[in-house]
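**Student:** Sequence:
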Amino acid sequence: MAEIKRENERVCRNNGNYTTNSTYQSNLNTLLRSLSSNGPTTGFSTTTQGSSPDQVGGLVLCCGNTDVNACASCLDNAVPDIIQLYDDCFLRYSNIRFFSSVDASPGFLMWNANNASDPRSLFATVYGLMGSLINETAGGPGMFTTGEVAVNGTGGGQKVYGLA
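Residue numbering for the sequence shown follows the UniProt record's numbering, beginning at 1 and increasing consecutively.
Any given hint could be a false lead.
Simulated DEER-style distance windows between Cβ atoms [unchecked claim]: (1) Ser51 to Arg120: 19 to 29 Å; (2) Pro119 to Thr42: 37 to 47 Å; (3) Gly157 to Thr41: 18 to 28 Å; (4) Tyr127 to Asn38: 33 to 43 Å; (5) Arg97 to Gly128: 30 to 40 Å; (6) Asn69 to Thr23: 28 to 38 Å; (7) Gln25 to Ser73: 45 to 55 Å; (8) Thr23 to Leu163: 38 to 48 Å; (9) Ser117 to Ser22: 42 to 52 Å; (10) Val126 to Thr30: 55 to 65 Å; (11) Thr20 to Ala116: 42 to 52 Å; (12) Asn69 to Gly139: 44 to 54 Å; (13) Arg120 to Ser34: 43 to 53 Å; (14) Ser22 to Tyr161: 24 to 34 Å.
Honestly, the hints are just simulated from the structure, not real lab data.
Note that the structure is a prediction, hence the values are computed from the model and not measured.
Quick reminder that beta carbons are idealized off the backbone N, C-alpha and C, glycines included.
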């Protein structure tokens with residue numbers, strides 16, 4: 001399978017008043033230390049630090065196909081650079097409570113500039129694969145699943161790979 005190398009995605013929302021040497025900064029530093037030490041051992045961690053208005057909450061997710069050392073290394077790189085989506089982990093924190101709410105942002109899109117000879121068939125193939133992977137992932141112990149399927153009309157020569 002070909003590996004696509006891409007730049008890490010960064011998001012910094014300017015919706016607060018972050019002040020150096022503040023209570024919020026102290027809470028944030030404590031939170032990031034906690035997440036980066038607990039995340040790799042469990043693969044997923046959420047925590048909060050402090051109280052309003054200086055409370056900060058955070059979440060870390062290690063990709064299911066990543067071992068403990070790779071996740072720890074990923075978090076060691078992500079923490080100093082703030083919130084980032086890396087290949088091996090995802091780190092997020094905010095002064096706004098986000099644990100129990102659906103938030104599809106930030107979204108990151110990647111695409112292939114090549115043309116598909118039968119886009120409808122390709123879409124159906126991808127949709128079917130991802131639907132299967134989502135169902136498997138929801139009940140799986142590692143909370144991730146990978147799969148592949150041949151693209152219709154290519155004689156099995158081309159495949160679509162998925163991870164959920």
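**Student:** Decide, hint by hint, whether the structure agrees.
**Tutor:** Hint check results:
no.: 1; hint: Ser51 to Arg120: 19 to 29 Å; verdict: 54 Å, violated
no.: 2; hint: Pro119 to Thr42: 37 to 47 Å; verdict: 41 Å, holds
no.: 3; hint: Gly157 to Thr41: 18 to 28 Å; verdict: 42 Å, violated
no.: 4; hint: Tyr127 to Asn38: 33 to 43 Å; verdict: 36 Å, holds
no.: 5; hint: Arg97 to Gly128: 30 to 40 Å; verdict: 36 Å, holds
no.: 6; hint: Asn69 to Thr23: 28 to 38 Å; verdict: 34 Å, holds
no.: 7; hint: Gln25 to Ser73: 45 to 55 Å; verdict: 25 Å, violated
no.: 8; hint: Thr23 to Leu163: 38 to 48 Å; verdict: 39 Å, holds
no.: 9; hint: Ser117 to Ser22: 42 to 52 Å; verdict: 57 Å, violated
no.: 10; hint: Val126 to Thr30: 55 to 65 Å; verdict: 42 Å, violated
no.: 11; hint: Thr20 to Ala116: 42 to 52 Å; verdict: 50 Å, holds
no.: 12; hint: Asn69 to Gly139: 44 to 54 Å; verdict: 27 Å, violated
no.: 13; hint: Arg120 to Ser34: 43 to 53 Å; verdict: 48 Å, holds
no.: 14; hint: Ser22 to Tyr161: 24 to 34 Å; verdict: 45 Å, violated
Going through the hint list in order, the structure does not satisfy hints 1, 3, 7, 9, 10, 12, 14.
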